[in-house]
Amino acid sequence: MPRVDFFTGLALMALAIGVFIGTLDMAKVERGIGPGDYPRVAAWGLLFLGAILSVQSGIKLARREKQPLPFPPGAFPRVFAMVLMTFAYIYLMPYTGFVLITPVYLFLTMVFFGLRRYLLGIVTGMAVTLVLFVTFRYAFQVLLPIMGLFDFI
Amino acid sequence: MEFGYFLQGLINSFAPYTFFMMVVSSIAGIVIGALPGMTASMGIILILPFLYYMPKDVALLMMAGMFCGAMSGGAISAILINTPGTPSASATVLDGYPLTQQGKAGKALGMAMVASFVGGIFSSFCLLLIAPELAKFALQFQAADYFSLSIFGLSIMASASGTSILKGLISGWLGILISTVGIDGIVGVERFTFGIAELGSGFNLLPVLIGVFAVGQVLEDSEAKKGEYEIIRQELTGVMPTWAEMRSVWVALVVGCIIGIIIGIIPGAGGAIACFLAYNEARRWSKRKEQFGKGSLEGVAAPECANNATTGGDMVPMLTLGVPGDVVTAVMLGALMLIGIRPGPLLFAEQPVMVYTLLAGFITMQIVILGLGLLSIKASIRILSIPNNILMPVVMVLCTVGVFTIGNQLYEVGVAIVFGVLGYFMKKFDYPGAPLILGVILGPMAEDNLNRALLVSGNDWSIMVQRPISLVFLILAVISVAVPLYTAYRDRQRGAAEKKNK
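Chains as they are written, first to last, in this note's numbering: chain U, 2 to 154; chain C, 99 to 600.
Bound conformation, chain C alone (with noise of 0.2 Å):
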């Protein structure tokens, strides 16, 4: 770590406009993070157009104060109305919605806070120590290292595949195919374009991201009627936890951060896996196993602080590698790119003031989030009275807005609409669109750099495994493809072993 450089990031991360909308994205983060079937990626998709036209650092953190706070703030609908608003608050559902039936609503919103705070600063610090050490590595890579590191990352379809690794495949795939229509970069011919001019310079990235993740989930909400969401109305008192509270569930906590913090750093896994993790690991370490479930402060504590201690883990391999380590860093890496940060290890070499401002200010955020986090316990209920049938329009609409500023075409925003039915329909029919991003975004990382590898080779393949680097993460590549279709078939084998002795 540069000390210099981390003390000029904290300066910069404290400059009034930057604070100012860190403070801003923090709350849209948490109010976006309580709202369900709103994500932290979406989150990111819809301030992207504002992003635009900001400086460079604060664009990081805004973007990471939008992922920051949506994980707090999916702890909010998961305790007060039993459903999580964020995948990675899943858990929390658990004991914090008994705790709002025992009319605990407010302890458990405090609990959730804190224990998000302390796996925050957890993460905030190993980041900082972490990624600087790994670009510096990373600073060896050559063509061949860069196109097996992509296949790497493109490997990680089939972790991010959710229920079937086919299906993410057959959508990385699609991503990949989709990233080679227009000019292409070797020779210059035209790919796949029919003679659509728009099309000679590619699919943007911005209205692909927007339709398939966006307008996906707008189009997915239209197909019923929506009411409003059942909250058991109650005081929200006693919401900071006491000094004898936060001892009974120290141990949740640390399980919470060594979990989370690992998780997020392993490509592929994220928030939603940290925290089942988490929680099985705290009831197993605890002293008062039975309460789990039952409503204890324990089951809130150590979901909470793992899926924040991912958000740090999960921007290692983003930002120093340009790997994303799960679907929201995925739609960060587009985002990054969109705003013209290309994240890697020439990043920290090239612009080390910006990254460090990043890095000081993810631990100021936390110590902001925490502060809004507890200020919005008491607005939660009105969060949540939101009407889903007045914000899926504005979110529609911000769509728009948001491809529109691209290039101030609408031919953009009809791509972005075409390929938010393909989003829905791939929702529908279980393909998930995080792979179908890494194809597109990685997909020409590859093929540069194979190009570029074989032409200093003369054509020959053997490079990719005569370096060390490279043959790492063609290993790790196999690895993380052989992983998950070894958990698939394991867990079929067993469904079928209880089945027939039932």
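This is chain U alone, in the form it adopts within the complex (with noise of 0.2 Å):
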């Protein structure tokens, strides 16, 4: 992955760079460190590995040394597509609540993980749902997102 680890090094390098400027408008003091030296160190140290990791993968880049990309066919949409219904999971629930969207979402990433007995998935969805539901409702006192139609419970 020489080409990947070049550009990581270089990516570095700007993040590094953007902290070091982000630093300079910080408060000095006299004695012992100011807010902004400690994240200069960091900065530096970034600066310095990031240089390191571009220097080694552009040697191997220019020895035209190759190495597959850790990605099995079609991992990328899949991986998006997780994080994508994730969100989406995250972002219904203050509308939904909790109990009415995760049976869903754990049904739907069921499936999408290769679930084939549908009735398994969603019968297990309900019941993990339940079973977070009330632990934490009534063991813990930990009020998870609602909507009005479950303020019963």
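Don't read these hints as lab results, they were simulated from the structure.
Just to be clear, a hint being listed does not mean it is correct.
Straight-line distance between alpha carbons at most 25 Å, and here's what the computed DSS-like set of lysine-lysine pairs gives [what the hints assert, rightly or not]:
id	chain 1	residue 1	chain 2	residue 2
1	U	K61	C	K387
2	U	K61	C	K525
3	C	K392	U	K67
4	U	K61	C	K597
5	C	K526	U	K61
6	U	K67	C	K597
These numbers come from a predicted model, not from an experiment.
Hints in hand, dock the two standalone chains.
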């Protein structure tokens, strides 16, 4: 993965420079360390390490060394879909409540992961949701998001 | 060791609620350890939301139960499906699976559980004897010593890096940088918050922890549809090792105990290293070397004893100095801080009963895990039948609920997902997650103590080398970076020489 490493190194160096610039206008102190000093040290470290990574992988690139990317075919769309589903789950939770959205999310992700026994997916989804909701609400007094319909619980 | 506190701790560990929760966490640990892809650190992360609402001594024991249970449980899948449940059970595969192929799975699992018990009980006593003494000594530490200690802790990044030291260091420095986000504790200036109010208090440790370790793992598993494991189905009989079998493995057990405890105490090394070292040494000392790799009980006993012996050793630097020994204790350290326990020498001075409850409970737990482990053998095939396509979505929901419970904010869940994506790419491109967590945990400790040391010394940096304790830690830090660098260099030279010879 020399190409990925090369660009990661460059990105880290850019991040380090950004951090360095971001600390320039932070207050300075006479004794001890100021608020900008420690991030600056971290930035120097990242700059140095990023440079090494870029140089190392640059040499490999120049030697035309190749290494396949560590992703199985179709991995990206699947991971992206999983992230998207999870964000949608979080986004919708305040509107639908934990109890309504979680079994749906669980069922969809189980099918997404390859489950073909749909009834098992539905039952497991509902059971897990109920156990978590009841445990947190009654044992730990943590109120998971609920929709008005479930206020009576 | 304070005998009075120990006795009190022992009584506490047998209190019905504490004992019950210890049993529950040990069962959960065994199950999680047995499932490939689920590790002890992930187990600790998953029980975190529950720990918030428990007495601190119970929470401590539950974490330890999860840790030790997972170490023992790892052997189940190693023996039955040729896939180690945890990295620490990697060497158990070598002789465990051949035993299964010979129809002796029950015997192999029984030996693994007994060897785990021997290693665990040995490490429990070592923990009990070493930790309090080290904590007493550590009470002399001042700001400069703490700064150097945190530098030493951060230097462990190099040895906890896995395949690439450079990538481990990058991950660690990134962690330090992440720890600087939010209002600084010195002047009160906002750092890298970009006007986002929620970032004012910085990144909460829990979403970072859950994101990098648990969500990252789920995302990796979502890359492809998963099937069920292939298990050789056979009668699991003759589980308990006979006296003659125990006598035949005693050398392997002694080797496992010694190697495990030493490797455990050394920061950066863990069960995965100990199991292979113990396996090799047991083979060297064995009278039946030729049986290794073909289904030797010694080959199961040595690594299982060693990986369990690391548990107590790992806890020594974590509890007494606040510096984690390996990935699991790094996660545990973060978890302890989240539930309001700050490991370090002061913990022993201020809350001795709680600490001794853990130390005494650690011994009790080994007996509990032995019993549960032996009982779980019959159910082990059922454990491995839990399909991944049900498990991973449930893990994701547990992560969501876990993060939500911090402050009833869905914002934190979003942060966990973002760090999950980061963790996924880190995994794919060989950047270890443990150094990042070390950076997030130890970064503020280093900054705070550096500031204090410089205030006391009037900006005189030489205070770091004038104090002997600080100097020792700085030397250790240099060694802990230099040794893996040298080893990597030597291995590369050797590899190049072998290539030339071919």
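Which hint numbers doesn't this structure obey? 1 and 3
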